[in-house]
Amino acid sequence: HCDENTERGNWANKREYLLSMIGYAVGLGNIWRFPYLAYKNGGGAFLIPYFAMLLLNGIPLYFLESALGQFCSQGPINLWRMVPLLQGVGIGTVMVSLVISIYYNTIIAYSLYYMFASMQSPLPWSDCFSWADSNCNTGQAGGYFFFLFCSLDETGSIVWHLALCLLLSSVIVTAALIRGIKSSGKVVYFTATFPYVVIIILLVRGVTLEGATDGIDYYIGTQSNLTKLTEAEVWKDAATQIFYSLSISWGGVITLSSYNNFHNNMVKDTLIVTITNSATSVLAGFAIFSILGHMAHIYKLPVDEVVTEGFGLAFIAYPDALSKLPISPLWSVLFFFMLLTVGLDSQFGGIEVITTSLTDAFPKVFKSKHGLLTLATTCFLYLLGLPCVTEAGIYWVTLIDKFAGSWVLLILAFFEIVGVSLVYGNLFIKDMEMMIGKRSFGFWLWWRACWFFISPCIISVILVWSVVTFVPPTYGGVPYPDWGLALGWCILAFILMWIPLVAVYKLIKAKGSLRERLKFLCTPSEEWRPYLNVHRGERYSDDRYLQKRNPSNTLEVDVNVISSAGLKLVPKWDLVFCGLKALLHYLTVVVVICSEDRHHA
Numbered sequence: 055h056c057d058e059n060t061e062r063g064n065w066a067n068k069r070e071y072l073l074s075m076i077g078y079a080v081g082l083g084n085i086w087r088f089p090y091l092a093y094k095n096g097g098g099a100f101l102i103p104y105f106a107m108l109l110l111n112g113i114p115l116y117f118l119e120s121a122l123g124q125f126c127s128q129g130p131i132n133l134w135r136m137v138p139l140l141q142g143v144g145i146g147t148v149m150v151s152l153v154i155s156i157y158y159n160t161i162i163a164y165s166l167y168y169m170f171a172s173m174q175s176p177l178p179w180s181d182c183f184s185w186a187d188s189n190c191n192t193g194q195a196g197g198y199f200f201f202l203f204c205s206l207d208e209t210g211s212i213v214w215h216l217a218l219c220l221l222l223s224s225v226i227v228t229a230a231l232i233r234g235i236k237s238s239g240k241v242v243y244f245t246a247t248f249p250y251v252v253i254i255i256l257l258v259r260g261v262t263l264e265g266a267t268d269g270i271d272y273y274i275g276t277q278s279n280l281t282k283l284t285e286a287e288v289w290k291d292a293a294t295q296i297f298y299s300l301s302i303s304w305g306g307v308i309t310l311s312s313y314n315n316f317h318n319n320m321v322k323d324t325l326i327v328t329i330t331n332s333a334t335s336v337l338a339g340f341a342i343f344s345i346l347g348h349m350a351h352i353y354k355l356p357v358d359e360v361v362t363e364g365f366g367l368a369f370i371a372y373p374d375a376l377s378k379l380p381i382s383p384l385w386s387v388l389f390f391f392m393l394l395t396v397g398l399d400s401q402f403g404g405i406e407v408i409t410t411s412l413t414d415a416f417p418k419v420f421k422s423k424h425g426l427l428t429l430a431t432t433c434f435l436y437l438l439g440l441p442c443v444t445e446a447g448i449y450w451v452t453l454i455d456k457f458a459g460s461w462v463l464l465i466l467a468f469f470e471i472v473g474v475s476l477v478y479g480n481l482f483i484k485d486m487e488m489m490i491g492k493r494s495f496g497f498w499l500w501w502r503a504c505w506f507f508i509s510p511c512i513i514s515v516i517l518v519w520s521v522v523t524f525v526p527p528t529y530g531g532v533p534y535p536d537w538g539l540a541l542g543w544c545i546l547a548f549i550l551m552w553i554p555l556v557a558v559y560k561l562i563k564a565k566g567s568l569r570e571r572l573k574f575l576c577t578p579s580e581e582w583r584p585y586l587n588v589h590r591g592e593r594y595s596d597d598r599y600l601q602k603r604n605p606s607n608t609l610e611v612d613v614n615v616i617s618s619a620g621l622k623l624v625p626k627w628d629l630v631f632c633g634l635k636a637l638l639h640y641l642t643v644v645v646v647i648c649s650e651d652r653h654h655a
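To convert a position in the sequence shown, counted from 1, into our numbering, add 54.
Note that these hints are calculated values from the structure, not bench results.
Given the structure is predicted, the values throughout are model-derived calculations rather than measurements.
Please note that the accuracy of each hint is not assured.
With a cut-off of at most 27 angstroms between alpha-carbon atoms, the simulated DSS-like pairs for lysine-lysine come out as follows [stated by the list, open to error]:
hint, residue 1, residue 2
1, K421, K240
2, K322, K484
3, K68, K236
4, K378, K354
5, K378, K484
6, K560, K573
7, K240, K423
From just these sequences and the hints, can you work out the full model?
Structural data, given as structure tokens:
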């Protein structure tokens, strides 16, 4: 196989790209978050808002990110050469991947430990054995085994068997990414497909158990409640689940797509990945709830009393349920091996975001040292992850999840969609047609409607709603101390501060009036173009229509070049400022509506 882009490299084939994208999208949220949300929000009725949000928000944003990465063949930071004023959004995206990689590394370590612990009979959490104290009872054994009940104020010491598993996780990730996509592309043949084998095995085993139908009824069957569709919270949960499960604003979609061939059909790829991701969520729910139904049957409890969300579902409730099955070690090993592979695929994408961004920014330093850069990154993340493998590590992990995986992604996505649709504007459509060929007005009508209006509205409503209804996070009913919450806000600030800092820095460095500086920084830089000369075509063959830094640092524009190419340099600035003003009014109205909604609630 000969790479089209010999400098950066390309995927060996389409399969490796699709498997990597599916592996990156299908994460832990598909297995432990979606089933719980469906159960909580009306069962089968929840699929209506879920697939509506997939169509209105998930698919358009996923297409936008994959198309941008493929067009410029650059990571999330250099991508913002199209709107230099917003380059801080790209840096923020890399920071998200850095923080969330700590989270995923820890989950992989937990999965490794549980998988090794499952290789014995009976399973250690099936009863109160020598590890337990006098407060343990059989019904709570899984919870006692998972963590020691400490608070964030009493972090305790490092749990060394978890620290070793964290080290093993780092070694596995480093080995898989030592040659970048060339090595990870081979690993995903297994890691992206094995979870489906396990889900199907667990589903087939689960539906044959007593009580399985009760669990499925609670998940998506006769217990479905259509009246839930009248509740705004249900629609918010559907939108956020689509958003997070597709890993939008994490940088991975942009980064992995940047290694595509220039003329790859990303429309088809987007549909394959997004639909596969949602179908996986639904399928995993059947496997989870069939076995939870069996557990409820054994304990003679209603299903809703054995169901929990997040870590509790994956590391307490479900392992407890598996421990009640014949040959329970086998099912337990399969389940935690599945969690391991799912976590690895997500971690591959996160590490690749960091290393690709650094390599693109400093090619002379890092291009020939990708292996060393990957090793340095994983070692750094290992050190940052050590607090997560202390006796109270679960509290740290939850803190990262709550603050780095919530509002921050919505804010980054909002700036991303506004930067592309409002500032870069119709030039984006022309860039897309350079890759996939000319398309009809009808083809672009739907995408334009989503990018320019529907998706920004959905994101802003979810964001404002989340802020208005914010409740300080807890774990297991244990509240975080003030300094713990302050640390969470610091994580959020660390990710988002780059947006204003970079914008202010660039405005100060530019020359002219404020209006001229804004025009200058909202116009594509000279470096914004397809990576290879052969793909630049007529539009990018002559750079005279791009920004020029003359002695007065104002724009030099050859109008004839722009007209002959059928382009606009920038949007009408009066319209842009009016649009920003209208957007401010719109957000004000949303805040008022959400506040009134909360007051009435």
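Taken at face value, is the distance from the CA of K484 to the CA of K322 at most 27 angstroms?
Holds, at roughly 18 angstroms.
Is the straight-line distance between the alpha-carbon of K560 and that of K573 27 angstroms or less?
holds (12 angstroms)
Could you grab the alpha-carbon distance between K378 and K354 and see if it respects the 27 angstroms cut-off?
holds (13 angstroms)
Would the hint linking K421 and K240 be met if the CA-CA limit is 27 angstroms?
holds (21 angstroms)
Between the alpha carbons of K378 and K484, is the straight-line distance 27 angstroms or under?
Not OK: K378 and K484 at ~59 angstroms, beyond 27 angstroms, violated.
Taking 27 angstroms as the top limit, are the C-alpha atoms of K240 and K423 close enough?
holds (20 angstroms)
Below or equal to 27 angstroms on CA atoms is what counts here, so check K68 against K236.
holds (13 angstroms)
In this structure, only the earlier hint numbered 5 is contradicted, and the remaining ones agree with it.
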